[in-house]
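J.: In case you want the letters, here they are:
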Amino acid sequence: GAVVSQHPSRVICKSGTSVKIECRSLDFQATTMFWYRQFPKKSLMLMATSNEGSKATYEQGVEKDKFLINHASLTLSTLTVTSAHPEDSSFYICSAYPIAGTYNEQFFGPGTRLTVL
Amino acid sequence: GENVEQHPSTLSVQEGDSAVIKCTYSDSASNYFPWYKQELGKGPQLIIDIRSNVGEKKDQRIAVTLNKTAKHFSLHITETQPEDSAVYFCAATDGNEKLTFGTGTRLTIIP
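Protein sequences, first through last, are from chains A and B.
Counting from 42, one number per residue, gives the positions in the first sequence under our numbering.
Counting from 7, one number per residue, gives the positions in the second sequence under our numbering.
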């Protein structure tokens, strides 16, 4: 089956630093990847749509200058949380939509737990 | 935009019994309805999905039904096992690739 990986799985950083999270599709290509944020015991909230070779599309209320997204290849998208603060602590999950996949089927990564001290 | 409601928020069933989780959606243009299972500290895993041209789909102990007229769809798990304990999310999309998730159901299987 299609596999999506995320790195790192956990990261702890100091307030004011930047953190980069990688999302990779391991056995398929994806022109579109999605980034979600999930608070404890809550649902997934779509942050942005990452498009290979073009700018990401951000959902309303998501600061694009704070959450930088780069989709440099058909298998890699990165999310950089810039000048992180404690309120950015969350579980970040990516998903990938295969180029040659079944209509609408997305595959999710295992998530990255970000803790900002 | 699409709005997906999910009930119940928590559900406890005896091992071997059946569990049913229900979702309603608002956008009549939605045509793809996946269900995800999320275990603690992990990403969501697709367990079953259904498209709007089908009323029911079954995969071993898991089944999903869709009522387009009423705009609701349900997940049915039969012969529940302890490993079915997890949080389950329904979702809907109208084909624009964006998924709108329900609020989740924490399912606990009592041994």
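Hints are computed from structural coordinates only; laboratory data are not their basis.
Since we're looking at a predicted model, the values are computed, not measured.
Backbone N, C-alpha and C fix where the C-beta goes; we use that ideal spot for every residue, glycine too.
Wrong hints could be hidden among the right ones.
Far from chain B, by Cβ distances over 10 angstroms, these chain A residues were calculated [said to hold, decoys possible]: (1) Val45; (2) Cys54; (3) Lys83; (4) Thr119; (5) His126; (6) Ile134; (7) Gln147.
Derived lysine-lysine pairs resembling BS3-like cross-links, with alpha carbons at most 30 angstroms apart [claimed, not checked]: (8) A:Lys61 / B:Lys74; (9) B:Lys63 / A:Lys61; (10) B:Lys104 / B:Lys43; (11) B:Lys64 / B:Lys104; (12) B:Lys63 / B:Lys74; (13) B:Lys64 / A:Lys55; (14) A:Lys105 / B:Lys63; (15) A:Lys107 / B:Lys77; (16) A:Lys107 / B:Lys104; (17) B:Lys28 / B:Lys43; (18) B:Lys64 / A:Lys82; (19) B:Lys48 / A:Lys96; (20) B:Lys77 / A:Lys82; (21) A:Lys105 / A:Lys61; (22) B:Lys48 / A:Lys82; (23) A:Lys61 / B:Lys77; (24) A:Lys83 / B:Lys104; (25) A:Lys61 / B:Lys64; (26) B:Lys28 / B:Lys63; (27) B:Lys28 / A:Lys61.
J.: If a hint holds in the structure, say so; if it does not, say that too.
T.: Against the structure, the hints:
no. : hint                : result
1   : Val45               : 8 angstroms, violated
2   : Cys54               : 19 angstroms, holds
3   : Lys83               : 8 angstroms, violated
4   : Thr119              : 17 angstroms, holds
5   : His126              : 23 angstroms, holds
6   : Ile134              : 5 angstroms, violated
7   : Gln147              : 7 angstroms, violated
8   : A:Lys61 / B:Lys74   : 42 angstroms, violated
9   : B:Lys63 / A:Lys61   : 40 angstroms, violated
10  : B:Lys104 / B:Lys43  : 18 angstroms, holds
11  : B:Lys64 / B:Lys104  : 24 angstroms, holds
12  : B:Lys63 / B:Lys74   : 14 angstroms, holds
13  : B:Lys64 / A:Lys55   : 48 angstroms, violated
14  : A:Lys105 / B:Lys63  : 40 angstroms, violated
15  : A:Lys107 / B:Lys77  : 37 angstroms, violated
16  : A:Lys107 / B:Lys104 : 22 angstroms, holds
17  : B:Lys28 / B:Lys43   : 14 angstroms, holds
18  : B:Lys64 / A:Lys82   : 28 angstroms, holds
19  : B:Lys48 / A:Lys96   : 28 angstroms, holds
20  : B:Lys77 / A:Lys82   : 26 angstroms, holds
21  : A:Lys105 / A:Lys61  : 14 angstroms, holds
22  : B:Lys48 / A:Lys82   : 13 angstroms, holds
23  : A:Lys61 / B:Lys77   : 40 angstroms, violated
24  : A:Lys83 / B:Lys104  : 18 angstroms, holds
25  : A:Lys61 / B:Lys64   : 40 angstroms, violated
26  : B:Lys28 / B:Lys63   : 15 angstroms, holds
27  : B:Lys28 / A:Lys61   : 37 angstroms, violated
The earlier numbered hints that this structure contradicts are 1, 3, 6, 7, 8, 9, 13, 14, 15, 23, 25 and 27.
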